[in-house]
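Visitor: Knowing the structure of chain Y, use the given hints to seat chain F on it.
Quick note, the sequences are listed as chains Y and F, same order.
Residues 338 to 727 (my numbering) make up the first sequence, in order.
Residues 338 to 727 (my numbering) make up the second sequence, in order.
Treat the hints with caution; some may be incorrect.
Each pair may be met inside one copy or between any two copies, as identical chains are not told apart.
[To be verified] Computed list of lysine-lysine pairs in DSS-like fashion (alpha-carbon distance at most 25 Å, straight line):
#: 1; residue 1: K617; residue 2: K645
#: 2; residue 1: K498; residue 2: K522
#: 3; residue 1: K466; residue 2: K522
#: 4; residue 1: K415; residue 2: K522
#: 5; residue 1: K472; residue 2: K521
#: 6; residue 1: K607; residue 2: K717
#: 7; residue 1: K657; residue 2: K672
#: 8; residue 1: K659; residue 2: K562
#: 9; residue 1: K521; residue 2: K359
#: 10; residue 1: K415; residue 2: K525
#: 11; residue 1: K466; residue 2: K419
Keep in mind that the hints were calculated from the coordinates and are not lab data.
Quantities reported herein were computed from a predicted structural model and do not represent experimental measurements.
There are 2 protein chains.
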Amino acid sequence: MIQVEEALSIIATQSCRMPIKKIQVAHALDFILAEAIYAPIDMPPFRQSAMDGYAFSHSELHDYKVVSTSQAGDFSNKKTAKNEAIRIFTGAFVPDRLDTVVMQEHTLRNDDFLQITKMPSFCANVRNKGEQVQKGALVLEKNTRITPAAIGFLACLGITKISVFAKPKVAIVITGNELVSPGKKLPKGKIFESNSVMLEAAMQTIGISKIKKLTVNDSLKNTKKVLKECLSNFDIILVSGGISVGDYDFVKEALLANGVEELFYTINQKPGKPLFFGKKEQTIVFALPGNPASSLTSFYVYVYPALKISMGFEAIHLPKIKRKITSSFENNSGKSLFLKGFYDDNSVTVLESQSSAMLNSFAMANGLIYLSFDAVSVEKNQEVVVIPIL
Amino acid sequence: MIQVEEALSIIATQSCRMPIKKIQVAHALDFILAEAIYAPIDMPPFRQSAMDGYAFSHSELHDYKVVSTSQAGDFSNKKTAKNEAIRIFTGAFVPDRLDTVVMQEHTLRNDDFLQITKMPSFCANVRNKGEQVQKGALVLEKNTRITPAAIGFLACLGITKISVFAKPKVAIVITGNELVSPGKKLPKGKIFESNSVMLEAAMQTIGISKIKKLTVNDSLKNTKKVLKECLSNFDIILVSGGISVGDYDFVKEALLANGVEELFYTINQKPGKPLFFGKKEQTIVFALPGNPASSLTSFYVYVYPALKISMGFEAIHLPKIKRKITSSFENNSGKSLFLKGFYDDNSVTVLESQSSAMLNSFAMANGLIYLSFDAVSVEKNQEVVVIPIL
Numbered sequence: 338m339i340q341v342e343e344a345l346s347i348i349a350t351q352s353c354r355m356p357i358k359k360i361q362v363a364h365a366l367d368f369i370l371a372e373a374i375y376a377p378i379d380m381p382p383f384r385q386s387a388m389d390g391y392a393f394s395h396s397e398l399h400d401y402k403v404v405s406t407s408q409a410g411d412f413s414n415k416k417t418a419k420n421e422a423i424r425i426f427t428g429a430f431v432p433d434r435l436d437t438v439v440m441q442e443h444t445l446r447n448d449d450f451l452q453i454t455k456m457p458s459f460c461a462n463v464r465n466k467g468e469q470v471q472k473g474a475l476v477l478e479k480n481t482r483i484t485p486a487a488i489g490f491l492a493c494l495g496i497t498k499i500s501v502f503a504k505p506k507v508a509i510v511i512t513g514n515e516l517v518s519p520g521k522k523l524p525k526g527k528i529f530e531s532n533s534v535m536l537e538a539a540m541q542t543i544g545i546s547k548i549k550k551l552t553v554n555d556s557l558k559n560t561k562k563v564l565k566e567c568l569s570n571f572d573i574i575l576v577s578g579g580i581s582v583g584d585y586d587f588v589k590e591a592l593l594a595n596g597v598e599e600l601f602y603t604i605n606q607k608p609g610k611p612l613f614f615g616k617k618e619q620t621i622v623f624a625l626p627g628n629p630a631s632s633l634t635s636f637y638v639y640v641y642p643a644l645k646i647s648m649g650f651e652a653i654h655l656p657k658i659k660r661k662i663t664s665s666f667e668n669n670s671g672k673s674l675f676l677k678g679f680y681d682d683n684s685v686t687v688l689e690s691q692s693s694a695m696l697n698s699f700a701m702a703n704g705l706i707y708l709s710f711d712a713v714s715v716e717k718n719q720e721v722v723v724i725p726i727l
Numbered sequence: 338m339i340q341v342e343e344a345l346s347i348i349a350t351q352s353c354r355m356p357i358k359k360i361q362v363a364h365a366l367d368f369i370l371a372e373a374i375y376a377p378i379d380m381p382p383f384r385q386s387a388m389d390g391y392a393f394s395h396s397e398l399h400d401y402k403v404v405s406t407s408q409a410g411d412f413s414n415k416k417t418a419k420n421e422a423i424r425i426f427t428g429a430f431v432p433d434r435l436d437t438v439v440m441q442e443h444t445l446r447n448d449d450f451l452q453i454t455k456m457p458s459f460c461a462n463v464r465n466k467g468e469q470v471q472k473g474a475l476v477l478e479k480n481t482r483i484t485p486a487a488i489g490f491l492a493c494l495g496i497t498k499i500s501v502f503a504k505p506k507v508a509i510v511i512t513g514n515e516l517v518s519p520g521k522k523l524p525k526g527k528i529f530e531s532n533s534v535m536l537e538a539a540m541q542t543i544g545i546s547k548i549k550k551l552t553v554n555d556s557l558k559n560t561k562k563v564l565k566e567c568l569s570n571f572d573i574i575l576v577s578g579g580i581s582v583g584d585y586d587f588v589k590e591a592l593l594a595n596g597v598e599e600l601f602y603t604i605n606q607k608p609g610k611p612l613f614f615g616k617k618e619q620t621i622v623f624a625l626p627g628n629p630a631s632s633l634t635s636f637y638v639y640v641y642p643a644l645k646i647s648m649g650f651e652a653i654h655l656p657k658i659k660r661k662i663t664s665s666f667e668n669n670s671g672k673s674l675f676l677k678g679f680y681d682d683n684s685v686t687v688l689e690s691q692s693s694a695m696l697n698s699f700a701m702a703n704g705l706i707y708l709s710f711d712a713v714s715v716e717k718n719q720e721v722v723v724i725p726i727l
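Next comes chain Y alone, as it looks inside the complex (with noise of 0.2 Å):
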């Protein structure tokens, strides 16, 4: 049995990034960039007004007539005389001899004649080429996050495909004789299986989709023959329940018995002490306590940063917070705790039923409270790490 600390120490180690892959722009949003990005083009392309208004030439001359229009868009290069203006328009191509823009509240305007009646400096309102970005930059920088913004600026640079680390393919491996899909009639001694769409939720909050749910009964050929496939087809396996100690606990022996490694099994907490996490070849595999609680605590804690860590996030763990604890607590377990509870911009309070078995206090909670097994009691108003959740 290991601490929390060393259990997330190993998943870091263990845990590898996913292939690289190129996939467009418009699809990248929450990808890893696994590439540095440099500008393919100047931005501006183009010497571009940055108004709606005139341009002209700068010179002592207050007076102009206006000869063309260059609207967004546009592109005529045609010399101008001294006197003579463009009406322009923001985002306008602004013709090579053409130096400032006055904007169009500067102006007086009567059919083609022109009086500008407050004079712009020398190059106002002009953009010039390059003048945001110069082609050949450093635009992005590898492992950046492609966000909302992030996929503007791709997009305006004319990118339409980058290279990103690939999400994981992950198989929900459900076990447990007495468990009954929701929706049909519950048999006397069954409950209904609530793990699967569960962890799905969990994993689609971090725009992973690629997710296979399957079902096992607990024997141990069927419990091998399941886990065999998936080791060969998915890159992170999570097992629900049968990882205990019961005689029909199979998980544990079935993924030895498939060649994956074990790293740890169990933690020293509450809930989730029966853990196992190990590896074969690339893939990686939780078996994590059937109790819906527990199984949700300890996604939150362990899955959620060897997921982070196969998408090429940096920044693996859900953050951490503090707040002050709105009632004492005692810890005599001598395990290290995650409490469900309920924070605001002050303080947080341990939610009643705290039992790993039922998801009650988990769906009105908004984050875990923290107490490392060492931390025997807790006063009230004590600060306390907590981490929100999904």
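Guide: For chain F alone, kept in the frame of chain Y given last:
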């Protein structure tokens, strides 16, 4: 022209929730419940063991004969004699006449003979029927956000369908003759169109996927036609560009001609001054500035809350945090500012290049710094409001 706070207040008042629809629990992540949920069954649905061990009838006896086995999922309610026990596993049905479970670590077993070495208290290690949730109890209130935990909780109660507020169908209408799709050749005078994929990605971060992107050239006739179609078929319309006062900005005219009521136009802010908000029947229209950075800022500050309201959320704004600014800042514009910034645990830095035309600083930013129009100067280390972005 109105102030930021007034614009936000109009949006909050005028935006409306989407109709209610019934969906699968498995697909309900981040929807908002439109009904209260009551438990259709007891949880647990039967008396179940909380341990791997032996079930027996509590008495003075320490020696028992093991007569059968109850594995999780089994159901057998056979009578047992006073000196008979059954092997039982976590989650398994506890026969009616047995009251207590002893954990296996507190027993000695030899063939069928069992000796209890440490006697548990009466009724220990048994979870009573309905102990966690009683049939008929309120389990999730109306307006609850469906989290992974809530999905699991509903599933374990056997619930497969719930009523939620639908998500809006959104049209993104791109205007501007200067725009060319990324991937095509860029003619002189033109720029790449980036707002559609950027706004689409921003909506994907909050779970909106029914998005149609349309393009319209700068003509009043076409703009009117496209907007007319959108007004009949979408819940929220985002028009990009064509909303300032240039001769070729047809959007406002086309909206009014289609019967859209103007709720505000232009906000005393930078970037994003020309921003139109209107409504026709239940359809909400935002006409956003065409400059990419203005567009995205407007999205986060104004479109985001309208989308959140439509989906039934009660917390409609991006959360605000406070950070110490790393350098003094003068705001002589008389306008409220949203500055691209980068914050950490303690402080926030105003990024270089705040131009509304470019996304380079936005792609580096993790927050918008909000300075109200009446905050003329901010000193170094003064606390400012930061809106973390997605």
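Visitor: Enumerate the violated hints, using their earlier numbering and listing them in ascending order.
Guide: 8
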